[in-house]
Amino acid sequence: MQPRFTGQTSSNLCNQVLQGRIMKIVINAYSARRGGGQTYLTNLLKNIDSNPRLEVYIFADESQYIPNHPNIKKIKTNWSTCNPFFRTIWEKFILPIFLKKIKADVLFCPGGLVNTRVPVGCKIVTMFRNMIPFDIEQRKKYPFGYMRFRNWLLEKLFLKSMLKADLVIFISEYAKKVIENRIPIKLKKTVLIPHGINEEFKVSDRTNMIRPNQLPKEDYILYVSLFDVYKNQIEVVQAYNLLKERRKTFEKLVFVGFNDTQYGERVKKEILRLGLKNDIILLGNIDYKDLPSIYKFAKINIFASECENCPNILLEAMGAGRPLVVSNKPPMPEFGGDSAIYFNPRSPEDLCNKIFTIIDKPGELNGLSKKVFERSLLYDWKETSRKTWEALKSL
Numbered sequence: 129m130q131p132r133f134t135g136q137t138s139s140n141l142c143n144q145v146l147q148g149r150i151m152k153i154v155i156n157a158y159s160a161r162r163g164g165g166q167t168y169l170t171n172l173l174k175n176i177d178s179n180p181r182l183e184v185y186i187f188a189d190e191s192q193y194i195p196n197h198p199n200i201k202k203i204k205t206n207w208s209t210c211n212p213f214f215r216t217i218w219e220k221f222i223l224p225i226f227l228k229k230i231k232a233d234v235l236f237c238p239g240g241l242v243n244t245r246v247p248v249g250c251k252i253v254t255m256f257r258n259m260i261p262f263d264i265e266q267r268k269k270y271p272f273g274y275m276r277f278r279n280w281l282l283e284k285l286f287l288k289s290m291l292k293a294d295l296v297i298f299i300s301e302y303a304k305k306v307i308e309n310r311i312p313i314k315l316k317k318t319v320l321i322p323h324g325i326n327e328e329f330k331v332s333d334r335t336n337m338i339r340p341n342q343l344p345k346e347d348y349i350l351y352v353s354l355f356d357v358y359k360n361q362i363e364v365v366q367a368y369n370l371l372k373e374r375r376k377t378f379e380k381l382v383f384v385g386f387n388d389t390q391y392g393e394r395v396k397k398e399i400l401r402l403g404l405k406n407d408i409i410l411l412g413n414i415d416y417k418d419l420p421s422i423y424k425f426a427k428i429n430i431f432a433s434e435c436e437n438c439p440n441i442l443l444e445a446m447g448a449g450r451p452l453v454v455s456n457k458p459p460m461p462e463f464g465g466d467s468a469i470y471f472n473p474r475s476p477e478d479l480c481n482k483i484f485t486i487i488d489k490p491g492e493l494n495g496l497s498k499k500v501f502e503r504s505l506l507y508d509w510k511e512t513s514r515k516t517w518e519a520l521k522s523l
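To convert, take the position in the sequence shown, counting from 1, and add 128; that gives the working numbering.
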């Protein structure tokens, strides 16, 4: 299924709205702190609408890249917005004063939480990005404590924010259906705009890329993701062990992603238990700029997550044009289409079987590579940004 950019937006309508007056959009990006949220914001701002009668005011962390553009104004605050408690106070009592002062037309909260009562005439836009709070099965995998309570609370707050918003931006059809099945009334207005793929990740046809030094000299199977209970790295390790029992496996298994977590320690213990210390490489976090080449040189890319909204890692891996073996849990098939091979992420046997059927067949690997790259061309940040700015201006 091709990605759909849906919603009641119109370029002509947006241009008419902006004729004769300046439209002011305020972006509260303080809660969009993780890599995916920052990547989204970076691409949205890089591809900002060039209409001179549009002003964008943005509140964001210092680490957030803000392009130098005449339409963009970065606003600083003296509040400790890194602390959720103080950030909430700022959103409830200080931000409304700013919105009223500049006569803002739109408050956009891409992190998904809306804690602000806006002035009359100001519209609210939010996004749905974090699926974990809405997956009860995944929530139960966390021990009683902070994370379980946090996800329970976020579910309530996200739903409240979406019901409050004049527009909700969904990034997958699956996520849209999940929310529509959870709320008693219809949302005011929604639009479906999937994320894109950065151009630097579309490297399938590049022949001059240098193999990173941290990679093994042997061929390798790659899985990029942070280590967490719903990412299933343990099952991937077990599948690799089964593969080694079925064939002479010279390929290494390479994990990329932050692994200094409780679950990461469980993965490391499983590697030692199975005697795979010399066969599995944990690279940890690496520079973002090195990821395209790491995807590019992989023999097979794996994505074993059970819970995603819009799987950015999967999209980035697609850009490399290497064979993909992917979790069959939604929304992964929505994005991978018929270009990937799907497996049950809870079954090491199924993953082993799917890898075994292709790993020694160059013809099948090449065919999958071509299909993966062709599929990746459907996801473009310029199109994502254009549709997003149209949706914001249409309010």
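Hints are computed from structural coordinates only; laboratory data are not their basis. Just so you know, even glycine gets a beta-carbon here, dropped at the ideal spot from N, CA and C. Errors might be hidden in some of the hints.
DEER-style ranges, computed between Cβ atoms [unchecked claim]:
{"hint": "1", "residue 1": "K417", "residue 2": "K316", "range": "58 to 66 Å"}
{"hint": "2", "residue 1": "I217", "residue 2": "N341", "range": "42 to 50 Å"}
{"hint": "3", "residue 1": "T485", "residue 2": "D415", "range": "42 to 50 Å"}
{"hint": "4", "residue 1": "T389", "residue 2": "I311", "range": "43 to 51 Å"}
{"hint": "5", "residue 1": "P312", "residue 2": "N196", "range": "23 to 31 Å"}
{"hint": "6", "residue 1": "T389", "residue 2": "K231", "range": "41 to 49 Å"}
- Could you work out which earlier hints the structure fails to respect and list their numbers in ascending sequence? Hint check: 1, 3, 4, 5 fail, others pass.
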